[in-house]
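K.L.:
Chain residues, written in single-letter form:
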Amino acid sequence: MFWISPEGHNGMLSRFYPGIQKRWICVVIQMLACLPGKIKEPGNEEDFFILNLGKNMRDSIEKGIWVRGAKAIWPICVGYFPLGLAFGVLAEKAGLSGMHIFFMSSLVFAGSGQFIAVSMIDAGASVLAVMMTTFMVNLRHLLMSSSLAVWYRGQSRRRLSLLACFIVDETFAVNTSRLKSGDWPLGAAIVASFLAYAAWVGSTVLGGIFGRFIAPSAFGIDYAMIAMFICLLVFQLNGLIYIISGLAAAVAGTIAALWIPGNAFIVVGAVAGASVGLLLKRMARMQGEWVKGKDEF
Amino acid sequence: MSSEYMILVMGMGLVSFIPRWIPLFFLSRKKMPPLLEEWLDLIPVSILAALLVPYLITAGEPRVLSFTQPELAVAFPTLLVALWTRSLGLTLLAGMGMFWLAGKTGWF
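If you read the protein sequences in the order shown, they are chains W and P. Numbered by the numbering used here, the letters in the first sequence go through residues 1 to 297 in order. Numbered by the numbering used here, the letters in the second sequence go through residues 298 to 405 in order.
Quick caveat, the hints were computed from the structure, so don't treat them as lab data. These numbers were taken from a predicted model, which means no experiment stands behind them. It is possible that some hints are incorrect.
Which residues of chain P face chain W? A few of them, derived with a C-beta cut under 10 Å, are [to be verified]:
id : residue
1  : Glu301
2  : Met303
3  : Leu305
4  : Gly310
5  : Arg317
6  : Arg326
7  : Lys328
8  : Ile344
9  : Pro359
10 : Ala372
11 : Thr375
12 : Thr382
13 : Gly392
14 : Gly403
Where a beta carbon is used, it is the ideal one built from N, C-alpha and C, also for glycine.
This is chain W alone, in the form it adopts within the complex (with noise of 0.2 Å):
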């Protein structure tokens, strides 16, 4: 796939077949995909893009949403594996096999959720339990939704629907710090989030059917997930109002975690951090003097 990349020339193809035209390999590949389909004006050369599937490719190339996409996710991908790997150990013990493992992080594509359902499982819980707690685990993602909906309003429902599919934290983390930094587009962040999911269901079957042989702390891969929410929480500091919030939610994230079981207090500190900096924010527009606007901050 990287051979497709908006550098053309620079891109492996090119550099083992000098003389090959982007546009061409463009050209070939719409041809292999639109095989089965009709070409309604033939004798065109502009005909191959009518195809819906063939235009959508050739945007994909010119725009290089597949080079971008991978260059902002490498690192929740590599973070995965040693979460996937365990995960799969996990399953492995509790009597589930590689294909089992397959369908569930295909279909779910929730890391704390799956390790919730499969320790459910393991203790013989019933399928309605299972469902309801994946639901309540899950819920935050309710917020991540909302969150990118503000960014993408008036796009394409059925590409926003592909979108959805991939919202986990570290999608969402990835692709609103790209967005808050500039120009993403959304095949992009549909690019990066379907990557980060494909490295899950690989890692987690991986896990299942290898897990056994590999040692889980070797080379501090256990602490990549954390390393990375570091870093994409400073991503997010982009001015006082952040901190503050981030502050208010941490604090608030603390005493719910010390309170209530379960991780309830990630949906508890989010909604308390975002909604003390709101009010912040309003009372020192009221006061209007030492804040001008929402630029100020």
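With chain W fixed as given, assemble chain P onto it according to the hints.
P.N.:
Structure of chain P alone, referenced to chain W:
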């Protein structure tokens, strides 16, 4: 594969997908009240802080405050690397390396 397992997994998939999908599908067409938009703008930082900080400073089941975990000690140099490099990849590698060293040298 038992059909009960497939039902379970598909049910789990459905209840995970719906909260992810509904806001993105419906709110992306509506003009949201500005207050809600401002609130949602503060959600990413709040979620990350609420996710990370309790993990670093609490431990056990039921959880109690604990400031002596190696995870917390390594978090500070990792934070510096993140602030300095602003690179996810470098932070990841540095954090993993430092955590591994902390374990190896037996500081904790």
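K.L.:
Grab the minimum C-beta distance from glutamate 301 (chain P) to chain W and call the hint holds if it beats 10 Å, violated otherwise.
P.N.:
Result: holds, 7 Å to nearest chain W Cβ.
K.L.:
Quick check on threonine 382 (chain P) please, does its C-beta sit within 10 Å of some C-beta on chain W?
P.N.:
Result: holds, 9 Å to nearest chain W Cβ.
K.L.:
Does the closest beta carbon of chain W sit nearer than 10 Å to the beta carbon of methionine 303 (chain P)?
P.N.:
holds, 7 Å
K.L.:
Please check whether arginine 326 (chain P) passes as an interface residue: C-beta within 10 Å of a C-beta belonging to chain W.
P.N.:
Hint on arginine 326 (chain P): holds, closest Cβ of chain W at ~7 Å, below 10 Å.
K.L.:
Next item in the hint list is proline 359 (chain P). Is there a CB on chain W closer than 10 Å to its CB?
P.N.:
Hint on proline 359 (chain P): holds, closest Cβ of chain W at ~6 Å, below 10 Å.
K.L.:
Using the nearest Cβ pair, does isoleucine 344 (chain P) come within less than 10 Å of chain W?
P.N.:
With Cβ-Cβ at 4 Å, under 10 Å, it holds.
K.L.:
Using Cβ atoms only, decide whether glycine 392 (chain P) comes closer than 10 Å to chain W, and label the hint accordingly.
P.N.:
holds, 3 Å
K.L.:
Please verify that hint: glycine 403 (chain P), Cβ, nearest Cβ of chain W, below 10 Å or not.
P.N.:
At 13 Å from the nearest chain W Cβ, glycine 403 (chain P) fails the 10 Å test, so the hint is violated.
K.L.:
Any CB of chain W closer than 10 Å to the CB of threonine 375 (chain P)?
P.N.:
holds, 5 Å
K.L.:
Verify the interface restraint on leucine 305 (chain P): the C-beta must sit less than 10 Å from at least one C-beta of chain W.
P.N.:
Nearest chain W Cβ about 5 Å off; hint holds.
K.L.:
Tell me if arginine 317 (chain P) is really an interface residue toward chain W, meaning its C-beta lies closer than 10 Å to one of theirs.
P.N.:
holds, 4 Å
K.L.:
Hint check: is the beta carbon of glycine 310 (chain P) less than 10 Å from a beta carbon of chain W?
P.N.:
With a closest approach of 3 Å, the glycine 310 (chain P) hint holds.
In summary, the one numbered hint that this structure violates is 14.
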